[in-house]
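**Q** Chains H and U supply the protein sequences, listed in that same order. Per the working numbering, the very first residue in the first sequence carries number 276; after that it's consecutive. Per the working numbering, the very first residue in the second sequence carries number 6; after that it's consecutive.
Some clues are possibly wrong.
Subject to a maximum C-alpha distance of 30 Å in a straight line, what follows is the list of computed BS3-like cross-link-like pairs (lysine-lysine) [unchecked claim]:
1) H:Lys452 / H:Lys481
2) H:Lys768 / U:Lys140
3) H:Lys621 / H:Lys764
4) H:Lys660 / H:Lys508
5) U:Lys134 / U:Lys226
6) H:Lys763 / U:Lys226
7) U:Lys226 / H:Lys650
8) H:Lys589 / H:Lys481
9) H:Lys621 / H:Lys650
10) H:Lys361 / U:Lys74
11) H:Lys481 / H:Lys508
12) U:Lys226 / U:Lys140
13) U:Lys140 / U:Lys246
14) H:Lys452 / H:Lys589
15) H:Lys650 / U:Lys140
16) H:Lys764 / U:Lys226
17) U:Lys134 / U:Lys74
18) H:Lys361 / H:Lys481
19) H:Lys508 / H:Lys589
20) U:Lys236 / H:Lys768
21) H:Lys508 / H:Lys650
Because the hints were derived from the structure by calculation, they are not lab data.
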Amino acid sequence: MIEQGFAATTRKHETSSFKRAFVASCFRVGLYLAILGSVVAGLHAQVSFDRILRAAAEPQNWLTYSGGVMSQRYSQLAEITPANVKNLELRWVFQAQSLEKFEATPLVVDGIMYTVQAPNDLVALDAATGRVFWTYPYAPSTLARPCCGRVNRGLAILGTTLFMGTIDGHLLAIDAKTGGLVWNVAVGGARPEAGYGFTVAPLVVKDKVIVGSVGGEYGIRGFLAAIDARTGKEAWRFNTIPGPGERGHDTWAGNSWQSGGASVWVTGSYDPDLNLTYWGIGNPGPDWNGDRRGGDNLYSESVVALDADTGQLKWHFQFTPHDEFDYDSVQVPVLADIQWQGRARKAMLWANRNGLWYVLDRTNGQFLLGKPFVKVTWTSGVDDKGRPQNVVSPTAEGTIIFPGNQGGTNWYSPSFSPRTGLFYIPSWMDTYSTYIRRPVEYTEGQRFTGALPVMPVRSLQPGPLVNRRLPEDGYGAVQAFDPKTGEKKWEFKMTDVTDSGILSTASDLLFSGGREGYFFALDARTGALLWRTSVGGAVSAAPMSFSVGGRQHVAIAAGSALFVYALR
Amino acid sequence: MKSREVGKFFMRTITGVFALVACCAGGALVAQQRYVPVEIEAGGRLFTSSCTGCHGPEGDWVGGVNFSKGQFRRSTSDDDLVRVIMRGIPNTPMPPSSFSDGQAATIVAYVRSLASGGVPAGGDAGRGKAVFDGKGQCLTCHSVSGIGGRTGPALTEIGAFRPGAELQRSLLDPDADIRPENRSVRAVTRDGNTITGRLLNQDTFTLQLIDSSERLMLLEKATLREYAVLKSSPMPSYRDKLNAQELADVVSYLASLRGRP
Numbered sequence: 276m277i278e279q280g281f282a283a284t285t286r287k288h289e290t291s292s293f294k295r296a297f298v299a300s301c302f303r304v305g306l307y308l309a310i311l312g313s314v315v316a317g318l319h320a321q322v323s324f325d326r327i328l329r330a331a332a333e334p335q336n337w338l339t340y341s342g343g344v345m346s347q348r349y350s351q352l353a354e355i356t357p358a359n360v361k362n363l364e365l366r367w368v369f370q371a372q373s374l375e376k377f378e379a380t381p382l383v384v385d386g387i388m389y390t391v392q393a394p395n396d397l398v399a400l401d402a403a404t405g406r407v408f409w410t411y412p413y414a415p416s417t418l419a420r421p422c423c424g425r426v427n428r429g430l431a432i433l434g435t436t437l438f439m440g441t442i443d444g445h446l447l448a449i450d451a452k453t454g455g456l457v458w459n460v461a462v463g464g465a466r467p468e469a470g471y472g473f474t475v476a477p478l479v480v481k482d483k484v485i486v487g488s489v490g491g492e493y494g495i496r497g498f499l500a501a502i503d504a505r506t507g508k509e510a511w512r513f514n515t516i517p518g519p520g521e522r523g524h525d526t527w528a529g530n531s532w533q534s535g536g537a538s539v540w541v542t543g544s545y546d547p548d549l550n551l552t553y554w555g556i557g558n559p560g561p562d563w564n565g566d567r568r569g570g571d572n573l574y575s576e577s578v579v580a581l582d583a584d585t586g587q588l589k590w591h592f593q594f595t596p597h598d599e600f601d602y603d604s605v606q607v608p609v610l611a612d613i614q615w616q617g618r619a620r621k622a623m624l625w626a627n628r629n630g631l632w633y634v635l636d637r638t639n640g641q642f643l644l645g646k647p648f649v650k651v652t653w654t655s656g657v658d659d660k661g662r663p664q665n666v667v668s669p670t671a672e673g674t675i676i677f678p679g680n681q682g683g684t685n686w687y688s689p690s691f692s693p694r695t696g697l698f699y700i701p702s703w704m705d706t707y708s709t710y711i712r713r714p715v716e717y718t719e720g721q722r723f724t725g726a727l728p729v730m731p732v733r734s735l736q737p738g739p740l741v742n743r744r745l746p747e748d749g750y751g752a753v754q755a756f757d758p759k760t761g762e763k764k765w766e767f768k769m770t771d772v773t774d775s776g777i778l779s780t781a782s783d784l785l786f787s788g789g790r791e792g793y794f795f796a797l798d799a800r801t802g803a804l805l806w807r808t809s810v811g812g813a814v815s816a817a818p819m820s821f822s823v824g825g826r827q828h829v830a831i832a833a834g835s836a837l838f839v840y841a842l843r
Numbered sequence: 006m007k008s009r010e011v012g013k014f015f016m017r018t019i020t021g022v023f024a025l026v027a028c029c030a031g032g033a034l035v036a037q038q039r040y041v042p043v044e045i046e047a048g049g050r051l052f053t054s055s056c057t058g059c060h061g062p063e064g065d066w067v068g069g070v071n072f073s074k075g076q077f078r079r080s081t082s083d084d085d086l087v088r089v090i091m092r093g094i095p096n097t098p099m100p101p102s103s104f105s106d107g108q109a110a111t112i113v114a115y116v117r118s119l120a121s122g123g124v125p126a127g128g129d130a131g132r133g134k135a136v137f138d139g140k141g142q143c144l145t146c147h148s149v150s151g152i153g154g155r156t157g158p159a160l161t162e163i164g165a166f167r168p169g170a171e172l173q174r175s176l177l178d179p180d181a182d183i184r185p186e187n188r189s190v191r192a193v194t195r196d197g198n199t200i201t202g203r204l205l206n207q208d209t210f211t212l213q214l215i216d217s218s219e220r221l222m223l224l225e226k227a228t229l230r231e232y233a234v235l236k237s238s239p240m241p242s243y244r245d246k247l248n249a250q251e252l253a254d255v256v257s258y259l260a261s262l263r264g265r266p
């Protein structure tokens, strides 16, 4: 186009020398443009940490587990609207060669999707068509023993390297272009035979990759580790149970800290202004009998705020001191800047498995609000510091407790929409379990839990989707709350419970699913159902959105497959 | 020591029972009555609190294992089962436990009883079949090996899944304990038609049922004026319809139904 335009204006003054000079100059310009273009393309192909911090500026991509370091699972894309969402159609399906639960949220980077086929096969696909570029297969040790499925929740990316934790305690760096292995480290020596491993999608902060270990049902001593993204070397470690001489160690009776669990299995968040990374910590072990671990059992059932460069603890808030109900506090820390009592506040929103949702000040951990979002009987409520009051304990005869062992919510991603100002929680309404206190001794590598609570309906139904849940057994819901007031705005009821996360978008849509095998869209302001489709398998993952070819897509994993939708 | 001795007693009892089963031609149903009821009851409590989370209330949630059918993956003897309960199975979700061997033995007793059915004495399965097919009119709604109605649950394998005591209770008091899969639903359409049937499945938007004409129906909840999952059974009580002997006979017949030959 440059050459044609210039030629048109100089046709009357053509000379051969001028032609030669012109051709030469065009060649130079073209060369410069080509070089500049390749540099720009190269830079763009690199997912710098600056791009991750500014993920909202490139909503066509999905660069972290929750879509950004604030973990709001909110997409700026707005092509799909409440008015046209009824025109969504299935664009493609990826069938995983795995019968494990498909819990991963994919990443999308410049038209390429990356996801994990459970337990630990990394797959690169064309985001527009679902065709596979390459697969990196990984066979974890047969000694790996994740409590609740050989699952994986996703990946992290930095530069052109993908990072995946494995259920046998390794962290892998994989070339995003070729699927080739860059490095494979056994984090902390990796002891899958003792229950250690990774199911969490890692979080990249600056030049480090942060992961935390599962094993809360095997009496591990939990930890978070930051691994140098380039070398694979451990940069810092935070033990989620303080050792002798460390602050909080005295919250564990005797030697109980050595096998106290406090695992990590859901991805944390990061505030660049504060340089703090936030992570939820799981249950103390043994799960359902706290007799041998007298005390509050820090930092189990807490959110910890760590200096991202050093791993040093800056503050913590414990939701369920001395938990005996397996109320893992591993939920996604949702960071939101909201108005609180008339002034701007850096807040953290937290829907906890214990049935209460919280608003904290994320600069210092100050408790601002804590309210039940489901029926709660294990405590009468929290005091002005957020500490639960009148906590009951399981008995030898069995005690019925609300919420049940799967909690009021669980690891399912909530969402916050800055447009609606609402916090959306996947909820198990009015569910309960009978908890029984039974003695239990620790043996390395063996389950260290106590008596498994009895639930009226099996926590996971095998086989085809047949819903045996009766109205008196509770139900599932998406609930919307206003963090500024604590007020519940609406509730979308489901007949069965839900393991699905939630995505909200800049067009005020909300996407979610459930165990019944539906994927649906709600009006984020009212909760009204706008669209639904049957995906034929339980949703045990969270939706995400991306754009490719100029068109917004929405993806959800259900059953053993990943489904991708766009407007027809 | 005390619990261990108690355990040995029960182990001897149970072993004796199985020896009896092996010797007698009367079959499993007679032999299974020899379990000590109090032991089965105690084992049942432990099973309910510790085992149902993985194995399910009928012991059929783990692949290849079905306690209600006497089906085990690795164990054959009661000693094997006690060992597995106490030590677990390494590298599988089956954990070791802190049960004494006496407690473990009670669980074995209960697990064995799941397959035995606990049929009350004095019934005759042959006579029971005659009552079932005739006077009781059970085939109007239920089927056995493909013969009979389909609106009620098929009973071809009912003896493998339900203890005799439960079967008897269902005959006398059908509303007492209706399993989720046997619930009925009543729906009224917007134009006033009432539809009732056995609820096969449900979700947020739909009900799936088999109605009284054996039609498989899917109802969109949005098209209904109202609907309710019923807590009562459409089956009549046989308390005043059958005498005690007939009742025992029918229970024996039902307990003998363990799948197609």
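**Q** Which hint numbers doesn't this structure obey?
**A** 2, 4, 5, 10, 12, 14, 15, 18 and 21
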